[in-house]
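Protein sequence lines correspond, in order, to chains P and X. So for the first sequence, my numbering puts the first residue at 1; every next one is plus one. So for the second sequence, my numbering puts the first residue at 1; every next one is plus one.
Hints are computed from structural coordinates only; laboratory data are not their basis. No experiment lies behind these values; they were computed from the predicted model shown. Honestly, I wouldn't trust all of these hints.
A pair counts as met if it fits within one copy or between any two copies, since identical chains are not told apart.
Straight-line alpha carbon distances no greater than 25 angstroms define the calculated SDA-like cross-link-like pairs of lysine to any residue that follow [stated by the list, open to error]:
| # | residue 1 | residue 2 |
| --- | --- | --- |
| 1 | K270 | R295 |
| 2 | K5 | R319 |
| 3 | K5 | L219 |
| 4 | K85 | S47 |
| 5 | K270 | A294 |
| 6 | K270 | D291 |
| 7 | K85 | G100 |
| 8 | K258 | E228 |
| 9 | K181 | P288 |
| 10 | K5 | T326 |
| 11 | K5 | G217 |
| 12 | K270 | T226 |
| 13 | K85 | G64 |
Protein chains: 2
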Amino acid sequence: MRTTKPINIAQFGMGPIGIESVRLAAQTGWARVVGAVDIDPAKIGRSLAELTGIESLADARVYGSFDELYSDVQPDVILHTAGSKATQTIEQITPMIQCGVSVASTCEELLFPTLRAPEETAMIDALAQQTGARIVGTGVNPGFVMDVLPVCMTGVSRNVSHIAVQRVVNASTRRQPLQKKIGSTMEPDQFRLLFAQGKAGHAGFRESVALIAHSMGWLLDEMLETCEPMIAQSDIHTEYFQVPSGMTCGLHQRCVGKISGEIKIDLDLKMYLGAPDPHDAIQITGDPPLDVIARGGVAGEQATVAALVNAIPRLLNARSGMRLMTELAVPAWSGGCNAPVLSEPVAAPQ
Amino acid sequence: MRTTKPINIAQFGMGPIGIESVRLAAQTGWARVVGAVDIDPAKIGRSLAELTGIESLADARVYGSFDELYSDVQPDVILHTAGSKATQTIEQITPMIQCGVSVASTCEELLFPTLRAPEETAMIDALAQQTGARIVGTGVNPGFVMDVLPVCMTGVSRNVSHIAVQRVVNASTRRQPLQKKIGSTMEPDQFRLLFAQGKAGHAGFRESVALIAHSMGWLLDEMLETCEPMIAQSDIHTEYFQVPSGMTCGLHQRCVGKISGEIKIDLDLKMYLGAPDPHDAIQITGDPPLDVIARGGVAGEQATVAALVNAIPRLLNARSGMRLMTELAVPAWSGGCNAPVLSEPVAAPQ
Chain P
1 MRTTKPINIA
11 QFGMGPIGIE
21 SVRLAAQTGW
31 ARVVGAVDID
41 PAKIGRSLAE
51 LTGIESLADA
61 RVYGSFDELY
71 SDVQPDVILH
81 TAGSKATQTI
91 EQITPMIQCG
101 VSVASTCEEL
111 LFPTLRAPEE
121 TAMIDALAQQ
131 TGARIVGTGV
141 NPGFVMDVLP
151 VCMTGVSRNV
161 SHIAVQRVVN
171 ASTRRQPLQK
181 KIGSTMEPDQ
191 FRLLFAQGKA
201 GHAGFRESVA
211 LIAHSMGWLL
221 DEMLETCEPM
231 IAQSDIHTEY
241 FQVPSGMTCG
251 LHQRCVGKIS
261 GEIKIDLDLK
271 MYLGAPDPHD
281 AIQITGDPPL
291 DVIARGGVAG
301 EQATVAALVN
311 AIPRLLNARS
321 GMRLMTELAV
331 PAWSGGCNAP
341 VLSEPVAAPQ
Chain X
1 MRTTKPINIA
11 QFGMGPIGIE
21 SVRLAAQTGW
31 ARVVGAVDID
41 PAKIGRSLAE
51 LTGIESLADA
61 RVYGSFDELY
71 SDVQPDVILH
81 TAGSKATQTI
91 EQITPMIQCG
101 VSVASTCEEL
111 LFPTLRAPEE
121 TAMIDALAQQ
131 TGARIVGTGV
141 NPGFVMDVLP
151 VCMTGVSRNV
161 SHIAVQRVVN
171 ASTRRQPLQK
181 KIGSTMEPDQ
191 FRLLFAQGKA
201 GHAGFRESVA
211 LIAHSMGWLL
221 DEMLETCEPM
231 IAQSDIHTEY
241 FQVPSGMTCG
251 LHQRCVGKIS
261 GEIKIDLDLK
271 MYLGAPDPHD
281 AIQITGDPPL
291 DVIARGGVAG
301 EQATVAALVN
311 AIPRLLNARS
321 GMRLMTELAV
331 PAWSGGCNAP
341 VLSEPVAAPQ
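Please take these sequences and the hints and turn them into a complete structure.
Following this line, the structure appears as structure tokens:
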């Protein structure tokens, strides 16, 4: 059943994460990176060898649109790393799905796209079922530590009544965009205002809650998300920022899902400069009770790209349509695997 | 796509685990237990209500063989809890697969059946693909904590070079059969002899190593399994056993997989009476490094039955044939889910 034909991959979005995803995909034994798409005129036409430092990508180049890329090379899968919003991402990937090209995306809202884009999701799902394409939103958070991993733990549960996850990230060890995203150096009230406007904070938190609820069969009647700035207690210096005492040095975000006023899902995220004891902790109340901790936590950016590339073999084995991470096979490192099977479209059960 | 038609389940093997599995399946909203099979003449003909204490099972009864059951009721899925050996289990389930009835089994060797029964596995896989049945071996260990869960963690790995798992079980909190299985009260040398004869020790350990290796794409050239008795340092009293000082009170079993003399997979299991600090710990060497611990560990027997029942919805959505746990969708508690889709046979990709 297996084929040694490599999977042709193209990258959509050549920002830092996109470049890393090309690098990682090019290292696997089963993928061939055939091109990329970006809107930046300074990148269009350049070779991926030049942009990534990987010599073997000399023949692959950056196109200004998917249509231009597709008229030159026909990828099996697009790695999409160009946005957080489900509606925008679905718009961007529609031409790909029309061509039957599957998409794995780091778009946070695509983790559970029906939450904010139910109509667009139904449309793209129907289109993908017609053309045989598969779509999935993935990542580390959302996409793994605060949603898929706790769901996975419940695979040995006789009963589950409550799921709580706490993630603490030391943002000092992370790249500049993340340190900026969490509000570093901002006036606390300015950060609060930006969060209220939907312009700051961790994206996809509601989607994590929704994915867990969906997996447990819980119909939530309330979802509450809050976000407060973490305040520097003394001056903080990182490679990228100087945060004076009293200013924002990160965020404390919480999202809970309730049924009849009772909290069923409780996700708590702290990302701030100098956070001690970074970790991911999961408590599942049920039979048996489960108490899991990833000491040191699961590092973000590097692991996000890994989650994206690792999803490809499982995505290509999934049924056509808009898929959830929990519907794919068990996550696994794909670096050592054989060339994944490039299968004919598999219809959903009737 | 979803149907409210319940999934019809029958139980094969009405020992303590089988009875628990019937009880749990009967509690789900999506399953209907239609009967059971056992060879014990004292159980044949009796109602499942009588054997499980669940009144609603008054119409379901125990048959002496699958053929007798099938002539009366036609289950969609069989829960098989009647043995540890892959060859024996495949022989037992062949009539079910011939009828297109899917099978989820706690048979330890079925977790990775090609290891010890390659020909029988190829035969039953081909038969299942013809009839549309699916088969999977599952459980807590093997089947989750020392294999599926570490594989799942590598879903966020850019690279993996080594996987180690330690499981410590306090057998004093477990049922009599487990306390017996680990050698309680035996002379240490007698336990060593029984292990050497394949009559003692934890079953399915090599299968856990093989499943991890398969998932990582590692072709092991050596697998080494050792087992030593744990010796009581003072007299130990449990609900079921009195172990004098100096006698066996449990086991310390280890199984490693190597490539070119280098250990790639290192599984270490201690199950003994009075074990302090029970836990499951996973270390993945790679990028990023991962260090996960389930404090208190994942309880065995209750969770084994849960893993079995929880596998059903995912099994029914998988492709026909002999499947691995890692090929099914992400594990999840099934108690709250809708009736799973009872789908037409889905062909493997060509």
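The hints, checked one at a time:
no.: 1; hint: K270 to R295; result: both (15 angstroms within a copy, 22 angstroms between copies)
no.: 2; hint: K5 to R319; result: both (20 angstroms within a copy, 22 angstroms between copies)
no.: 3; hint: K5 to L219; result: between (43 angstroms within a copy, 20 angstroms between copies)
no.: 4; hint: K85 to S47; result: neither (28 angstroms within a copy, 55 angstroms between copies)
no.: 5; hint: K270 to A294; result: both (15 angstroms within a copy, 22 angstroms between copies)
no.: 6; hint: K270 to D291; result: both (19 angstroms within a copy, 20 angstroms between copies)
no.: 7; hint: K85 to G100; result: within (22 angstroms within a copy, 44 angstroms between copies)
no.: 8; hint: K258 to E228; result: within (21 angstroms within a copy, 49 angstroms between copies)
no.: 9; hint: K181 to P288; result: between (38 angstroms within a copy, 22 angstroms between copies)
no.: 10; hint: K5 to T326; result: between (27 angstroms within a copy, 23 angstroms between copies)
no.: 11; hint: K5 to G217; result: between (39 angstroms within a copy, 17 angstroms between copies)
no.: 12; hint: K270 to T226; result: within (12 angstroms within a copy, 44 angstroms between copies)
no.: 13; hint: K85 to G64; result: within (21 angstroms within a copy, 58 angstroms between copies)
The structure fails to meet hint 4 from the earlier list, while all remaining hints are met.
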